[in-house]
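A.B. asks: Residue strings, one per chain:
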Amino acid sequence: MASTIAAAPVRSAGPSLRVRLYATLGVSGLISLVVIVIIASAAAFAPWVAPYDPQTTDLTSVFASPSPSHPLGTDALGRDLLSRLIWGGRTTFIGPLLVIIVSTIIGSALGITSAWVGGHVDNVIARFLDVMFALPGIVFALVAVAIYGAGLTAAVIGLSISYIPYVARVVRGAALRERKLPYVAACSVQGFSALRICVRHLLPNLRTIITAQAVASLGFAVVELAGISFLGLGVQPPTPDWGVSVATGLQAALQGYPAEALYAGTLIVVVVVAFNVLGDRLAATAESAKR
Amino acid sequence: MSVGGFLARRFVGFVVTLLIASFAVFSLMYIAPGDPLSFVLGTRSVSPERVAAAKARYNLDDPFLVRYWDWLTGVLHGDFGRSIVLNQEVSDLISVRLQTTALLVGYATVLFLLVGVALGAAAARRPGPIDSTLTVFATFAIAMPTFVLGTVLITFFAVELGWFPVYGAGVGIVGRLNHLTLPAVTLAFASAGYLARITRSALRDELGREHVETARSRGLSERSVFRRHVLRNALIPIVTVTGLTIGALIAGAVIVETIFALDGLGSLLVEAILKKDYPIVQSIVLILVIVFMVINFLTDVIYTLIDPRLDLGADPNA
Amino acid sequence: MTLLDVHDLCLEIRNRVRTRRIIDHVSFSVAKGEALGLVGESGCGKSMTARSLMGLLPPGAKLEGEVVFEGSDIVRMSQPELRAYRATKVAMIFQDPRAHTNPVRSIGDFLTEAQCEVGGVKRSVARRRAIALLDSVGIPDGERRLSQYPHQLSGGLLQRVMIASALASDPALLLADEPTTALDVTTQAEVMAILGRLRREHEVALLFITHNLELAAATCDRTAVMYAGRIVEVQKSSALHDRPLHPYTSGLLCSRPSIEHTERRLMVIPGRPVAAYDADDGCAFAPRCAYAEPRCRMERPRDETFDKAAVACHRAAELQGSLPTGYVEAVS
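Chains as they are written, first to last, in our numbering: chain A, 1 to 291; chain B, 1001 to 1318; chain C, 2001 to 2332.
Some clues are possibly wrong.
To be verified - Within a straight-line C-alpha distance of at most 25 Å, the following computed SDA-like cross-link-like pairs (lysine to any residue) qualify:
# : chain 1 : residue 1 : chain 2 : residue 2
1 : B       : LYS1276   : A       : PRO237
2 : B       : LYS1276   : A       : GLY151
3 : C       : LYS2122   : C       : TYR2085
By construction, these hints were calculated from the structure, which means they are not laboratory data. Given the structure is predicted, the values throughout are model-derived calculations rather than measurements.
Here chain A stands alone, though its shape is the one from the complex (with noise of 0.2 Å):
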């Protein structure tokens, strides 16, 4: 995404893609974007952004104010605050990226499954998901960290499956409508197999509100695992990530130096409120498109 910000306008006719990107996003999803961009690029890029290594402590400036070779101070090991966040990021990121990427296929599978086949299928899977949703994602990732013990892998197992009842409903009201559709009863009409039109009709023009969908839950999955990693679960320490700064943070607000976990603290918040926004846009030029 971030190349294609950077590019210079298309050749093609039609709204250059400045335009059109204002048309579904408007000023509150364009700043939502321009900040996550932002962020998420200081995070790929760290090892060239980051002025320090994270890890390297120095017990000489432990709980150091900003300077000019530490701008936002160090940490209780002499580690430098700016780097720590930046290289953060990363795990930040990842973790629910690949949440989001695991619940959405097979909660996309379910849901088209569901709405396609119908009948028992359909009900079973659906009470099947209604046993999910009354359980908070949080005990799912709880139960997975204590088979597989505290670790990002875990987490994340846990936290996907917590999503995919989310992802299937959305899926499944959706392709319930398109199914009505008749283009649908054309393909069908035309000989071709279920899976096919599934797969090459029914999914691309469920595209945007999967998409939606899954730019909203981003944020929930970054501060869902920034959590559970706050709980020793996740990413472990020494790694710098935003949920365990906030946690070797609180220990040290409690002495007296709160910038650690406020900084991650104001991070997380921003990035979370930025996926909302971009979410509730995009979500929002969906209805509109299927009027």
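Add chains B and C to chain A, keeping to what the hints say.
C.D. replies: Quick look at chains B and C alone, frame taken from chain A:
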């Protein structure tokens, strides 16, 4: 379908789902260590007497389903097994911690209900600057992660300002409430924002309905109109949201208890996971699952009962 | 004996962007026990006129003029006085009964609410009265109906319940805002019959709003025609039908298809109806009027009275008696 018949039917479905869920909880716990002995004894090496005692108590050679049944009946009698790590009966550990968690969640529920509905109602009745401010606040509140908020609150109110104690659960009613205030506020914050938003939009919708005009035309006072026709109708979506939000509160308690070092079920669960103390993990997860399902069931039932347009005999999954 | 006297009523609705005039110097009166029809197309302001008579206006509405009911001016009433007036003297029947009843409250609640909350009547007494009212509108098994909910009743039945509820307070004036528009024709006839009977039995005055000129003429003693927030003509219904005094009324009468003649093209009044805030200076109907003269566009016509009739047209005196009332006349 009569009310009694409806309740009976839903209850049966609920019990069936509960059984299935309990089976899932039971089986999942065995995936990790692989064999039932490790499950009970943990991963550390233990004296032969302990091994013998465990074997005698748990019938570990029985087939899987029999062990499930034993466990289920045990649980229904209050026997949750024994924690090897802490060398205590799990039920003892849980009952002590249950109080703190229940108090915390209860306190937070009262807070979020009062604040959420009050703010939502204020925003709905006075469009204009009050409404816009409240909407912005609600959006911000919803996005705020619990652990960030908890950290911020502890930093400012406990450490910097010293208004509230930092740790522990306190003694006596007043002491406990004092210690639980910051945690309860942390827990309730996002939910209050969410409820405010839902309340506002539900009330706004109802205020614009034509039947409100009819009531006014009959000479009813504004207060009567609001109470009997706006609020009453808006209750339906509000109650639904409340049920689900209480579930979220319980989940959030895990984090809040860790931040504020409260001795509740949530913090016990986290510790048990880190120490691989499976009997505790299994028991607490079971309790959580049961509680969530009960809340869901109650919300579902209440929602169907208070809206006369819903057909009691209809299949909820149709 | 005059029950209601409306004099120079003006209504403006203000929102953040603009102020719009909806009712433009409307005057009429209703006698005790009389039925007055108020006819007009969508957007002419007839619904708002009825609501103004009860003070049921949206926020941002500014009402001017006089609405004198039994000696008191509604426009200048305080909130408590207004509520008492609504509870005892006047009642309104709305167009869509399903939208205007609370779906989560029972029919019994709907019928007893006003009596109990405002009148302080005991619930059991109110319920008995409700059952009697239901009986009077042709719903016999009142006891059972009281515990039913609006979604369980058909539109016609629900409208009868609405009428019963309006009559519960024994009002002197009934405002009916297109009460049968949402119903099918047979139900329409039933409901109109019930309204007519009850009106005579209880000696209630009726302001009957509709876009159906025929219906008004058939059920009301007098009929008023409204256009662009103004009243253009008021007459005895039979006279209005046979000898309209205003070109607009004539236009409405001529646009009706006739069952006796074959018409290749239906007559229409050229142009589109205009709301008060979009009207030009002078006579609002002038742009569409076949008899318009230059002065019609400059000067707004004043009400002129002929016997019991009133009309707002510069050329009323010379046109009277010669305006067509149907297709055949118009083309010949």
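A.B. asks: Does each hint hold? Answer for all of them.
C.D. replies: Hint check:
| no. | hint | verdict |
| --- | --- | --- |
| 1 | LYS1276/B with PRO237/A | 19 Å, holds |
| 2 | LYS1276/B with GLY151/A | 14 Å, holds |
| 3 | LYS2122/C with TYR2085/C | 21 Å, holds |
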